[in-house]
Amino acid sequence: MKLKIGIYWGAACGGCDVAILDTHEKILEIAEAADIFFWPIAMDFKYDDVRAMPDGHLDAVFYSGAIRNSENEEIALLLRGKAKAMIALGACAHIGGIPGLSNMFTREDTLRRAYIESESTDNPGGVLPSERTVNDGNELELPRFYNTVKTLSQVVDVDYTIPGCPPASMQIYSAIGLIADGMLPKKGSVIGAGDRALCDECARTKSEKKITKIYRTHEKLPDFETCLLEQGFICLGPATRSGCGSRCIKSGVPCRGCYGPLDGITDQGLKMLSALASVIDGKEEQEINATLDTVAAPLTTLHRFSLASSIPRRKKV
Amino acid sequence: MTDEGERERIMTFEPRIVGFLCNWCTYTGADLAGTARVKYSPNVRSIRVMCSGRVDPVFILTALAEGADGVLIGGCHPGDCHYQEGNYKALRRHLLLRRILPEYGIEPERVRLEWVSASEGERFGRVVDEFTEQIRALGPLKLEESILESMKNDVMHESGTPTHTTGV
Amino acid sequence: MASGKAVDAVYKAKIPAAASKLRELYYMAHFMHSHAAHFYALAAPDFVVGPDAPPAERNILGLIGKVGLDLGREVIRQREITQLVQQMVGGRATHPVWNLPGGVSRALSSENLETIKGFVPGLVAFGELGLKLFDDLVLANKAYLDLILGDGYELVTNYMGLVDDRDRVTFYDGTVRVVDSEGVEIDRYGESEYAEHVAEHVEPYSYLKFPYLKKLGWQGFKEGKGTSLYQAAPLARLNAASGMATPKAQAAYEKMYATFGGKPVHKLMAHHWARLIELLYAAERLAELVADPEILDPNVRVIPSATPSEGVGIIEAPRGTLTHHYATDERGIVTKANLIVGTTNNNAPISMAVKKAAQKFIGAGGEVAEGLLNRVEMAFRIFDPCFSCATHSLPGHMPLIIELKNGAGETIRTISRS
Ligand code: SF4
Ligand code: SF4
Ligand code: SF4
Ligand code: FES
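Chains as they are written, first to last, in this note's numbering: chain S, 204 to 520; chain A, 74 to 241; chain L, 143 to 560.
Pulled out of the complex, with its shape left as it was, chain S reads as follows (with noise of 0.2 Å):
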C-alpha cells in the first residue's frame, strides 16, 4: 500500500519546501513510496479536495511553517484532522522560527510599520488591510493576521518533528522511511536529527576557556579549528540539538539554534543563557557586567529561532 502525504506551508519562506525537493534523485523514490495528495507549492490541489478527505486519510502531514493568521490555524486544524500524523516540519512549525521574533511587537506595530509608516509606503488615507471589504457589490475576505505568533503545537497536536531552517533534506528523506517502513518512535519524538547537543558533534577543539568579550560575527575574523563560543562568538551549540552536520560551524559562523532544544529542555535560549554564563570569566558584579555589556540584542540572539516557544512567547503588552 502506497503511504498517502500532504504538505503544506504556513507562515513559511518557502525553504522548507525546498529542502524536500533537494531530496534530489530521492524524491522519485519519495514518489514511488507515496502518494502527494496536497502540496500548495508544487501541485495543484485545493483546501476543498482536502475537505473531502474522510478522517485519518492521510498517512502523514508535513506542516512547515509558523501560526500567523488564522487561515494557518484553519488550515492545520483541518489537515490535523485527515492525518494519522502530524509532523511539525522545520523551525518556524517546531518553535516559531524566524516569523516568531514578531512576538517582540504587537499587530498593531506590524501593520502599522508596513503600510504605514515603511519608506516606500503611500498611504495618505492610512489604509490598512481588513478582513472584509466591499467592492463592486463583492465581499472580499482575508485571513486575519494575529497578533502573537505560535508554533504548531500550540495550536494542534503533533506527532513528530523535523528540527532546522530548514531541515536537513536527507533527513526528511529518512523520516519518510521511517513512516513507511512502520517505524515511527513513540508520539512526540524529534525524527530526523541527533538527540545530543551540537557541540557533541563539533569538530572544534574545546578547553575551559573563560571569555571576557563578546563578538558579534562581523567584529572579528574567528580561527577555524577551536570553540567558537570560546573565541568570544556566541555559538548556540551547547542549547542546539545536533542533526545538521554542523553546517554553519564549517563555514565559519556561530550556531544560531536552528534545530532547536534537546529532548527534555523547556526553553533553549534559557538553556543558551545558562552556557554562556558559565563561560563568562569573573566573579565580581562588576567585571561580569563589562562582558555582559558587549551582548547586543540578548533575548533575541538567545532566542533567534525559539522566541514564539519561549516561556513568555512574546514580549508583554
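I should point out that these hints are in silico values taken from the structure, not numbers from a laboratory. Check before you lean on any hint, since a few could be wrong.
[Stated by the list, open to error] Where chain S lies over chain L, by a calculated footprint (3+ residues, C-beta under 8 Å): (1) 176-186; (2) 253-265; (3) 333-341; (4) 347-354; (5) 441-448; (6) 472-478.
Every value quoted in this text rests on a predicted model; they were computed, and no experiment measured them. Note that the Cβ used here is the ideal one computed from N, Cα and C, for glycine as well.
Assemble the complex: chain S is given as a structure, and chains A and L with the ligands must be docked to it using the hints.
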C-alpha cells in the same frame, strides 16, 4: 486609573514572591528568622534548593509566567558556596537574565539575588521586607494574563461588518 | 544577498573583490536552481502535461512521466548540482550563513573550485536544454504557441531590471533601469535612492502592497502607455536591458525578440521563455566566475570600522527586483527595515493579468471550459507561487474565486480555488 485607584491598588496588592533558597545558607537563615521570631512580610513562598547555582533560569521564568510577581534567589556569600563556584555561576546568570527581562517587558527589579548566610536571620527578614515593598511599588506582574490577553483576538472567525468600501 | 549588500551599506564596508565574486557565484547557482524549479515544477506541467490535465498529473511528477524518466533525472541531477554549488560556496544551499557585513566568512577552497569546474559543462548544457525543450515542446505546438502569442496573456506596462554599465541584464549588482511600454528609458536609480523612485499603494483587500513608479503617481489598475505600473521578473529584466552579457544567452535573447518582432514584448507567457534565457545566462556567468583566478583569493572579508547607521541593498531576485533597506542604532541593532520583494513589484500586473485571462477564457456566452480555472491560474504562475514572502509572511496561499455574472449582474456560477 485615577491616582486614588492606583493608591488603592497598591495598598491592597499583596505581592506573590517565590524564593529559591540555598539549603546551606539562606534557607537556614530563613529558618533562623522564624525561630528567632523576626517579624517580616509573609509574601515569600520558599523553595529549598541545594545551591543557588542549581536555580535554572527556567525556574525563574516559569514562576513569573505562572503568577509570581517577583522571584528571590538566596545563596551563600561569595567564597562560602558548598559547591565552590555555584553562587558565582548564579550571579553571572542572574546578571544576564536581568538583561533579557526588560526586552520581554518585565522589570528586572522583579528578580533579586541576595547572599544571606545561615546566621543572618535578621538580614533575611530585612531583605524580604525590602523586596516585598519594591514589588508592591511595581504592582502585579500578571504575565500569564497579559499573554492570554495578547491572543484574545487571535481567533479564526469573527463575523463583523465590512470596515471598508472601495471601488477601484 | 540583498540583505548582505544592505548590511555592507549599513556598515559602509567596501567588500573585497573576491567576496563579491563569491557571492555572485553562489547567486548564479541559486538563480539556476530557482528558475529550474519554477519552470520545470510550476510552469512546464501546464504546457507539457497540458493545461486541462487533472491536478494529480499536472505537476513535476506528471511532467517526468511525459518527457521520460531520463530527462526527468537529468533535470533533477542538474538542479541538485546547483544546490551543491551553493552549499560548497555558502555553507548551506537555503539560507546561506556566510554572508556577513564586510564580505563572506570563508574563502572558496581549491578542491571545491575544481569540483565546481567539473560541473560547468553540464550546467551550461542544462541551460541550453531548457531552451531546446521550450522550442520542441512549446513553440512547436501550435495550440501552445497561440496561447503565448494570443492576447489572453498580454499586459502593457513599464519594465524594471538591474543592468550593468552597458545596460545588460545583471543579477547581483548594478543600477535599476526602467523602460516604458515602448522601450524608452524613463527612470534609473542607484540603491540608496529607491524610495524616491518607487512607492507602494495600499488596498484594504490585500496584505500585499501595489508598487508603482513614483514620478508617474498612482493611477490605479491601468495598463498601456503612460501607466505608472511596472513589471519586474524575467521578461521585464530582458525588456529593460540592452541585451545579455554572455554569448549563448545573447543569441537566445535575439531569437526571442525576433520571434515576437520587436522589443519590448508584452506577452506574459514570454516570461517563461525569458526565464530560460536567464537560466542559460546564469550558467554562462557561473562558468566565467569559476574561471576567474581571483575567485580563490583568500582575502574575502574586511572588518567594518564605521559606525553602522542605514543602508540599502538591491539585487535581482528570480522573481523581480529585490530591495532591502535597514536602519540600525549605533551598535548595529536593526531599528527599522523595509523590503520590496520580487513578487510585490508585480502585484498589480498579476491582478490585472488574472482578470484579463478570466475575461478572455470565459466565452462571451458564459461558456466555461473545464481548464478555465487553471488557465487563469497560469497567469499567476507566470510570476510566482511566492506570495508569502511578498506579503511579509502573511497569507500563505492565494484563494481564487471567480464569480460569473450575467448581464443583469446575477451570479450564474461560482468557481473557486480555496
Ligand atoms: S524553518 Fe526555515 S526554511 Fe523552513 S519555512 Fe521556516 S524559515 Fe523557511
Ligand atoms: S559552542 Fe559551537 S563551536 Fe563551540 S563546540 Fe559547541 S558547537 Fe562547536
Ligand atoms: S549550526 Fe546551528 S544554526 Fe546552523 S544549521 Fe546547524 S543547528 Fe542550524
Ligand atoms: S551552596 Fe549555597 S550557594 Fe552554593
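Consistency of the hints with the structure:
1. Here's how the region 176-186 of chain L fares: 3 of its residues keep a CB closer than 8 Å to some CB of chain S, so the rule of at least three is met and the hint holds.
2. With 0 residues carrying a beta carbon less than 8 Å from a beta carbon of chain S, the region 253-265 of chain L misses the three-residue requirement, and the given coverage is violated.
3. A stretch counts as covered by a chain when three or more of its residues have a beta carbon under 8 Å from one of that chain; for the region 333-341 of chain L and chain S the count is 4, and the coverage holds.
4. Check on the region 347-354 of chain L: 5 of its residues sit with their Cβ under 8 Å from a Cβ of chain S, so the three-residue criterion for coverage holds.
5. Taking a C-beta to C-beta cut-off of 8 Å, the region 441-448 of chain L contributes 3 residues in contact with chain S, enough for the three needed, and the coverage statement holds.
6. Only when three residues or more bring their CB closer than 8 Å to a CB of chain S does the claim for the region 472-478 of chain L stand; here the count is 4, and the claim holds.
Checked against the numbered hints listed earlier, the structure breaks hint 2 alone; every other hint is satisfied.
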